[in-house]
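Chain by chain, the residues:
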Amino acid sequence: MADLSCNVAGITAPNPFWVASAPPADKLYNVERAFRAGWGGVVWKTLGIDPPIVNVSSRYGAVHYNGQRMMGFNNVELITDRPLEDNLKDIKQVKKDWPDRAVVVSLMVPCTEKDWQFIINKIEDTGCDGVELNFGCPHGMSERGMGSAVGQVPEYIEMVTRWVKECTDLPCLVKLTPNVADICHAANAAKAGGGDGVALINTVNSIVSVDLDLMAPEPTIDGKGSHGGYCGPAVKPIALHMVTEIAKAPETKNLPISAIGGISNWRDAAEFIAMGAAGVQVCTAVMHYGFKIVDDMIDGLNNWMDEKGYATLEDFRGIAVPNVTEWQFLNLKYDIKARIDESTCIHCGLCHISCEDAAHQAIRIIKANGDRRFEVIDEECVGCNLCMFACPVPDCITMERVDSGTEYQNWTTHPNNPMRVEEN
Amino acid sequence: MTTIDVQAGRLSQEQLSENFSDSHPPLNSGNAIVEANRCYFCYDAPCIDACPTAIDIPNFIRKISTGNLKGSAKDILSQNIMGGMCARVCPTEILCQGACVREAHEHQPVRIGELQRYATDWFFETGETFFERGEPTGKRIAVVGGGPAGLSCAHQLAVSGHEVVVFEAREKLSGLNEYGIAAYKTVNNFAQREVDFILQIGGIETRTNQKLGQEVILDDLRKEYDAVFLSVGLGDVNSLGLEGEEPKGVYDAVETISELRQSESLKELSVGRRIVVIGGGNTAIDIAVQSKKLGAEDVTLTYRRGPEQMSATWKEQEFAQTNGVRVKHWVAPKCLRSENGHVTGIEFECTELNPEGKLRGTGELRYMEADVVFKAIGQLLEDSVFSGSEMPAIEGGKITVNLEFETSLPGVWAGGDCVDSGEDLTVQSVEDGKQAALSIHRRLK
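Protein chains in written order, with the numbering used here: chain A, 1 to 424; chain B, 1001 to 1445.
Keep in mind the hints are simulated off the structure, nothing from the lab. Cβ coordinates follow ideal geometry from the N, Cα and C atoms, glycine included. Please note that a few of the clues may not be correct.
[As the list claims (entries may be wrong)] Output of the computed footprint for chain A on chain B, the stretches with three or more beta carbons under 8 Å from beta carbons of chain A:
no., stretch
1, 1044 to 1055
2, 1370 to 1384
[What the hints assert, rightly or not] Each computed EDC-like pair below joins lysine to aspartate or glutamate, with the alpha-carbon atoms no more than 20 Å apart:
no., chain 1, residue 1, chain 2, residue 2
3, A, K27, A, E113
4, A, K333, A, D299
5, B, K1292, B, E1246
6, B, K1070, A, D81
7, A, K367, B, D1044
8, B, K1139, B, E1224
9, A, K114, A, E32
10, B, K1398, B, D1424
11, A, K367, B, D1049
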């Protein structure tokens, strides 16, 4: 059995799976259910200054793809709509009942030092393990000068983080918005302000669909809609890239990361940890299937770590980061070709038509005796992988390395590169 | 003295209604989307080749998945005007679904037939049609036989602008769709609703109770019309070839199926307690299952060869068995037993293949008691249809046609079950009719 315990910027938990700040973590009832199911921690749904905000009816939009429900998901819901004191009471109770679990409180108040001091004072008494500054929400609150309105301006991130760190010793995670050109500026600002770690990504600005009868964006609220925050499996690649950027940059490479964005199972979590995350947060998958999914997350990660011989998360955390390089350093001598396993081919022709219409015309049809088979033309195949992905049969098309494996040349020294440097 | 047990009303009205409801209920919208998304959208898809009418199956399925049901129905119906009926009665397991790459991959083909029904049912509900009559050509064509081949031909001819008169021997159009297919395959009067849809195009006059060789004469039609299309089907049935006269209680399955289909009240239909069916095709399956559904206690389907040689597909055999029909292979009828002129049982001889692969009796005998025996051993072209006329060339009991569906008689085309164009299937008849119409149009231009 591997040790799954995690430490995110000084906040410890028995496992790296935390429920992200969202409806599943908005009151005692839910959070207790989450902990009973096995979740390692929660980030409480964002608290604000009373009076509480109000929400609209019809709050979520979804992208279903090829019969798969909720591939992508968005919302126009705001922060907690419960009175502050109700939340504080619940948080205190939960922490008392579940001392080994991480209870982090997400916060979002107007951009004044006084408001931040007020809310920090309030939550310190709950016994919570840390705070998460919500600089991420791209809808509703941002128009009021909060959420991503802060997260999009590095100077504001730094300023507010400093206010918070000046009035509390609690570990402080800064939650970042992906709605920026370069996430590293925001991470640098969080670090400069004294933040103990970053949490990312918050939701991506989005309109998920248009109701073609109402001619209004969805979710539609009495004939109108508004942009919302996009999340779910569809955003995982965006999140993974942003986490990687922070883990790779010399300025932020040691900054603890709580990774968020489309994480639905242990495999997703392992990928984020391999890219440097200290722990992960999950929301959409819980909203889709309930808290029980954590069982497979814990079990699956454990089994995989045992199989690989990793005893702790630290054993593999960040070990994929050095393999992320710039395009110009990729080996141009590396050469792979598609190989079709005739014994499992079902003759659907998708490899042929994808290559024929959209790639390099490198798969020909051989017709004989009323049957057909597909043959790769090695001279035309550039090893793009398209046919392998189009093929519906697992492992029917594989890519075989055909170069010697000993040669290396990258773009920096390539003759076609007008900016090339001489090889030494 | 054996008691003959044949009676009506073995089951309650409620039970009968349940037994004769849709044997394969339609997909709902959720299932249809999931199923449509299982289609790989193969390139040059094998399912298209396997469809006698060459419907672009991946394309119509893709249109279901995007919610373009109108486009989907158009893809189907423009290739096969009886796409709705074919979705219900085609043996898809040996056609499109048998060729589906998912069949090869995981023995779970995309449920193409059910998806086709989903799209066409949706379109039928709109009451619209895609088709318009072409510019009138002034040509008149007689279509003899208002079954799938005849209606398909008539429709295609109307599309081309010709005037068509359909002569139908029976009271209603649609041929075996109306008279020959098990009731639970085509509920809610679908055959007649499909006829209405086809005739909507206009330019098609229908004359029922007009039997060729009786009320209408081929030679007259050839004089009066610019072309004649024969789609008279197979009106006769094979005989058992046993010695002596057939006692009471021995019926032709096709006749009984037709009575059942036209019956106003299933409760009033008589059915035997012990039933033996002789034959290995769809008609044998249909009469066996329908007898069971009417309340027969024991139904045995007998066939003189093995399961692979039966013309009913494996799926139909399975359907019969799951409906409580016993299937007995390798027995050939030898003699009917009767008391007081009514059948009481039938004796069979066991059969096997000799070393040359020919069927032979083994000499071993089997006896089965029966209150009713159904013959379902194939149909024949009725000779009388050519009474008083020059006959077209006939070969192997069917009207000879060339690749253009032309008979040996100038100006006379033929298609459907009365010609040897492929399997005797609704879908093949529809294709025959369509191709013959296109050929007639080319010739008359």
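Provide an ascending list of the numbers of those earlier hints which the structure does not satisfy.
2, 3, 4, 5, 6, 9
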